[in-house]
Amino acid sequence: MPPPPPPPTLTDTAGPLGPGEVAGTVKPVDLPRKPLVLGDRSYHWVTEKVCGICEQKTPTWWWWSFAIACGIASFTLMGLVYLVATGVGVWGLANPVNWGWAIVNFVFWIGIGHAGTLISAVLCLLQQRWRTSINRTAEAMTIFAVVCAGIFPLFHVGRVWFAWWLFPLPNANWIWPNFRSPLEWDVFAVSTYGTVSVLFWYMGMIPDLGTLRDRAQSTWRRFFYGTLAMGWRNSSRHWHNYEMAYLLLAGLSTPLVLSVHTIVSFDFAASILPGWHTTIFPPYFVAGAIFSGFGMVLTLILPLRAVFGLHDLVNQYHIDAMCKITLATGSMVGYAYAMEFFIAWYGANPYEGFAFINRAFGQYAWAYWIMISCNVISPQLFWFRKIRENTALVWIISIFVNVGMWFERFVITVTSLANDFLPSSWGYYSPTIVDIFTFFGTFGVFSVLFLLFLRFLPLIAFSEVKALSLPQADPHNHDHPQNQRGQEARG
Amino acid sequence: MSAARPQDGVFGIAATFWTAPDIYHACEKVRDAGYRRWDSYCPFPVHGLHHAMGLKRSRVPFFTFIGGMLGFLTGLTIVWYMNMDYPLVVGGKPYFSPVFPFPIFYELTILLAAFGTLGGMFITNRLPRHNHPLFDYQPFLQTSDDRFMIVIESSDPAFDPDRVRALLEEAGGEEITVVAPGAQAA
Amino acid sequence: MSTTGTSTRSSPAAGLAGAGSRRPLPGLLLALAVAGIGIGLVGLGTGLSAGDARPVISWLLGFSFWTSILLGSLFFVMIFNLFDAGWSVLVRRQLEHLLAGFKWIAILFLPLLLIAWFYRDPGILWKWLNPEHILPNGYTVATDALYQAKEPYLNKTAFTLRSLLYFGVFLFFANALRRNSFGLDEDGDRSRVQRQKVLSGAGVFACGLALTFAAIDWFMSIEFHWFSTMYGVWFFAASMRAALAFLLILLFFQADRGVLQGLHRPSHNYQLGCIALAFTVFWAYISFSQYFLIYQANIPEETFWYNIRHMNADGTTNSWWWVGLTLIFCNFLLPFLFLLFYKTKVRIPLILFVAAWILTFHVVDLYFNILPSKSAPADNVLNYKVRQFTINFWDVAVFVGIGALVLWAYLTSLREKGAIPRRDPRIREALEHHE
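Protein chains in written order, with numbering that gives the first Met the number 0: chain A, 0 to 490; chain B, 0 to 185; chain C, 0 to 434.
These are computed hints drawn from the structure, not numbers from a lab.
Label-pair ranges, simulated between beta-carbon atoms:
1. B:D159 to A:V306: 46 to 56 Å
2. B:G47 to C:E300: 54 to 64 Å
3. C:W321 to B:D31: 54 to 64 Å
4. A:A66 to C:F171: 53 to 63 Å
5. A:R454 to B:G47: 28 to 38 Å
6. A:V146 to C:W356: 36 to 46 Å
Selected chain C positions facing chain A (Cβ under 8 Å, derived; list incomplete):
7. T228
8. M229
9. G231
10. Q289
11. I293
12. R427
Just so we're clear, the structure is a prediction, and the values are computed from it rather than from any experiment. Even glycine gets a Cβ: it sits at the ideal position worked out from N, Cα and C.
Sequences and hints are given; from them, build the entire structure.
Structure representation (C-alpha cells):
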C-alpha cells in the first residue's frame with residue numbers, strides 16, 4: 000500500500016537527523032516543572048533552617064510534648080510489667096483466637112515503618128528528587144516503628160526471658176529453632192530490617208552530622224556530633240564512594256522492605272486457614288504497608304511543617320506526591336481485597352467462601368466496613384486536586400488511613416481465627432484493658448523517640464536537599480542567578 | 000600573606016569557590032594539569048564531579064558483594080548445621096531443603112551486604128578519621144555549609160607552590176591559602 | 000516551522016525510518032505475517048480435524064506472547080505519563096507506535112472464540128467451555144462439582160463477553176493515548192498533557208483489572224480446578240518484563256539504523272536496564288511467592304498444579320521439572336546477575352543480548368503456564384498423562400506470524416506519525432538526558 004503523503008505539520012517522520020538537528024526541530028509546549036524548594040533559597044538558608052531546629056533553645060512545647068509522650072509510654076511499661084509478672088493470659092487471647100491484638104499491633108507498626116524505607120530507597124532508585132525533603136523523617140519513623148513493633152512478638156512468647164531461643168544459638172538442651180516456621184523467618188526479617196534501617200539512616204546522616212559538628216559552639220555538641228560524624232570532611236573523593244554506597248544500600252533496602260512484609264504475610268499465608276492462605280498476600284501486604292506508612296508520614300510531616308515553618312522545603316509538590324502514592328497503594332490494597340473475594344468464590348472451597356462472607360457480614364462486619372471505607376474509599380478522595388491542596392483534610396484522611404490499616408490487620412487476624420472450620424469451636428474475641436493499655440502506650444514510645452530525634456538530629460537531609468532539590472546545584476546551570484556571581488550568592 | 004614556600008608542615012594549598020559550576024570547571028582544570036594528590040570539598044555531592052575530577056568508579060560494590068556472599072553462605076551453613084542431626088518433621092517438609100529456609104538465606108544476604116556496604120564506604124574513604132589538617136583551617140568548616148574548596152596537597156609529586164597558586168587563580172579560586180597546621184597561628 | 004517538509008531525507012541507512020525508507024521492510028513483514036498466520040491457521044485446522052489440542056495451544060501461545068508485550072507496552076505508556084519523567088519521552092513514543100498492533104491482536108483472538116462457538120468440542124482448549132467434555136476421571140465436565148460451582152463465571156457466553164470487554168478496554172486506552180499523544184504533536188494543545196495523565200490514571204485501573212481477569216480466563220482456567228489470587232499479578236509482571244525486553248531490542252535497531260540515531264543513548268538504556276532489573280526481581284518475587292505459599296501450605300487442591308509441572312502420574316520426573324529449573328536459573332538468576340552490572344546496562348551488545356535472553360525465557364514461562372495439562376486416557380490408575388514440553392512447527396509459525404504483524408503495524412504507525420514527540424513538554428529533557 001502506498002504511504003499517505005506526509006501532512007504539512009511537524010509530524011513527518013524525519014530521516015536520521017543528528018541530535019543537534021532534532022533538538023532544533025522540537026517545540027515542546029511550555030509546562031515548566033515545579034520547583035522542589037520554594038522561594039529560590041540558597042544553600043546557606045537550607046543549612047540554617049534545618050540546623051537551627053536542633054541548635055535553638057529547647058522550645059516549651061517540646062517539653063510539654065515530651066512529658067505527655069512519656070506519660071503515654073508508661074502505659075506500655077505498665078502493661079508489660081503486669082504481663083511479665085502474671086502471664087500472657089492477661090491479654091484477651093483465648094481459644095480459638097490465640098493471635099489477638101499483639102499480632103495486629105505488630106503488623107500495624109511494622110507496616111508503618113515501610114514507607115520510610117520506601118521513600119529513602121525505592122524513590123531513591125526511581126530518582127524522585129522530592130524525596131529528599133521527607134526521607135530523614137520517614138526513616139526515623141521506620142526505626143521507631145520497628146521498635147514499637149518488636150515489643151509485641153517479644154512479649155507474646157510468654158516467657159520473655161527465653162526469647163533468645165528464637166535465635167539460632169547453642170543452648171544446653173540442644174534445642175535448635177525450626178526453620179520451617181514463618182515466625183522464625185520473622186525473627187530474621189525484622190531484626191535485619193531494623194538493623195539495615197539504622198545503617199541506612201545513619202549513613203545518610205553522616206554528612207549532615209558533619210555540618211552540625213562544624214557549626215557546634217559548645218564542647219559537648221562538638222564531641223557528640225563529631226563522634227557521630229566519623230571525621231566526615233565533605234571530600235569529593237569521599238562523596239563519590241558515599242554516593243555509590245548510598246545507592247547500593249537503597250538497592251539492598253528495596254528487596255529487604257519487600258521481603259520483610261512478605262515474610263510477615265507468610266505468617267498468615269503459609270498456614271491452611273481460610274482467609275489466611277492466599278497467594279496474593281505478599282504483594283498485598285507490601286502495598287498495604289506502604290499505604291499505611293505514607294498515611295503515617297503525612298500524619299507526622301504536616302504538623303512538623305507547620306511547627307517548624309518548613310513550608311518551602313515540604314511544599315504542595317511533596318504533599319501531592321505523597322497523596323498520589325497513598326491513592327495508588329490504597330487502590331492496590333482494594334484490588335487485593337477484590338481478588339481475595341473473587342478467588343474465594345472462584346476457588347469453590349466452601350470454607351474459604353464462608354471466611355469472606357463472614358468477614359463482610361458476620362460478627363466482625365463492623366471492623367470490615369471500617370477497613371473498607373478507610374482504606375479503599377477515603378484515599379479515592381485524593382483524585383481531586385482541591386482535596387490534595389487542603390492540608391487539614393489531607394491530614395484527616397491520613398488518620399483514616401492509619402485507622403483503616405490497623406483494622407485491616409484486625410480483620411485478617413481475628414475473623415479467620417474466630418470462625419474457622421468447626422462451628423462448635425467458634426468464639427468472639429475482645430481485648431482486655433491490658434491489651435488496650437499496651438497498644439495505646441506504644442504511641443507514647445514512638446512519640447518519645449521521635450521527639451528526641453527532632454531535638455538532636457537534623458530532621459531533613461539537607462545535604463541531599465542541596466544536591467537534588469536546589470536548581471543552582473546543577474554544575475551545568477550557569478544561568479541560575481545564584482550561580483552568576485558567586486560572591487553575591489552568599490546571602 | 001607570605002609567598003608559599005615548600006616547607007615541612009605544609010599540607011597543601013586551598014582555594015575557595017562559591018558555586019557548583021565554578022568548582023566543576025576548576026576541577027576539570029586541576030585534573031587536566033595532571034595533579035594526583037588533590038581533592039575538592041563540597042557541601043553536597045555535585046552531580047558528575049567525579050568525571051570532572053577524573054575519578055574511577057567506586058570500589059564499594061566489591062565490599063557489598065563480599066558481604067552478600069558471606070551472608071548467603073552463613074545462612075546456608077547455619078540451617079544445614081542445625082538441621083543435619085536434628086530431624087524435625089513439620090508440615091511434611093524434608094529435613095533440609097533450599098526452599099523452606101530461603102527467607103533465612105535471603106535476609107542474611109541482605110544484612111551482611113548492608114554491613115559490607117557501610118564498611119566498604121568507610122574503608123574506601125579511610126574513615127573514621129577525626130583529626131585532619133584541614134579542620135585547622137577555619138574557612139574549611141564552611142564547606143559543610145555553602146562553600147566549595149579545592150586543596151592540592153604538598154605530597155603531590157608535582158607540587159610547586161607557585162604553579163599551584165597560579166593554577167588555582169586561573170581556575171577562578173579565591174582566598175588561596177597555604178594550609179599548614181603548625182603555622183595557622185599567624 | 001521552517002523544518003517542516005525539509006527534514007525528510009532519504010538515506011540507505013534509514014531502514015526502519017518509515018517515510019524515508021526505500022527498503023521494502025514493511026512489505027516483507029506483511030508477507031511474513033500472512034505466511035505465519037496462514038500456517039498457524041492450517042495448524043488449527045489440522046488440530047481441530049484430528050481433535051488434537053496442541054495446535055490450538057500453539058495459537059494461544061503465540062497470541063499470549065504478543066499480547067503480553069503489547070499489554071506491557073500499554074502499561075509502560077501509562078506509567079511514563081503518570082510519572083512525568085523526562086528521559087522516558089522518546090522511548091514512550093516507540094511504545095505508542097507499538098500499540099498500533101493491538102487491534103490486530105484483538106482480531107487474532109477471534110479464531111479461539113470461533114472454536115468455542117462452532118467447533119464440535121468447544122472444550123478442546125478450555126475444557127469447561129464444553130460441559131460434555133470428558134475429564135481424566137471419566138466423567139463429564141458438567142458433573143464436576145467444581146465446574147458446577149464456577150459455572151456462572153466459566154461459561155461460553157460470559158467468557159466471550161468478557162474477552163470482548165478486555166479488548167474493548169485495552170483498545171480504548173491504547174487508541175486514546177495514541178491519538179492524544181500524536182494530537183499534541185500537531186496542535187501543541189497544553190491541555191492534552193493533563194488529559195494524557197487522566198487517561199493514564201484511569202487506564203491503569205481499568206487495564207489492571209482487565210489484565211487480571213484476562214489472565215484468569217485465558218491461562219489460569221485451562222486447569223479450571225486451580226486458583227491463585229496472585230495469578231493476575233504474575234501475568235502483569237511477566238508482561239512488563241517482556242515489553243521492556245522487546246522495547247530494548249526495538250530501540251537498538253532504531254538507534255543503530257533507524258529514526259533514533261544519535262538520540263537514543265546509553266543513558267536511556269541505563270534507565271531501561273534498571274527497570275528491567277527491577278521487573279526481573281518482581282517477576283521472580285511473584286512467581287516464587289506463589290510457588291512457596293502453595294508448597295508451604297501443601298493443600299492438594301493447589302499443589303496439583305505444580306505437581307503436574309514436576310512429575311507424571313506415576314511419580315516419575317517429567318520434562319516440566321527441567322523447564323521449572325530453567326525458569327529459576329535462566330529467567331531469573333542469570334538476567335538478574337547480568338543486569339546488576341553497570342556495563343550490561345550501557346553497552347549495546349550486552350543489553351541486546353540480555354533483552355533477547357529475557358524474551359526467550361519469557362516464552363518458556365508462558366509454555367510453563369499454558370501448556371502442561373492433564374489429558375486422558377492413559378494407562379495408569381489415575382488415568383492421565385501430562386502434556387509434555389515440546390516446541391513444534393505451528394508454535395514457531397504463529398510466533399513469527401503474529402510478531403511480523405505487530406511489527407508491521409508498528410512500522411506503519413511510525414511511517415504515518417512522528418518518531419519523536421516534538422511537542423512533549425519534556426522532550427528536551429529526554430534529548431539532553433545524561434546520567
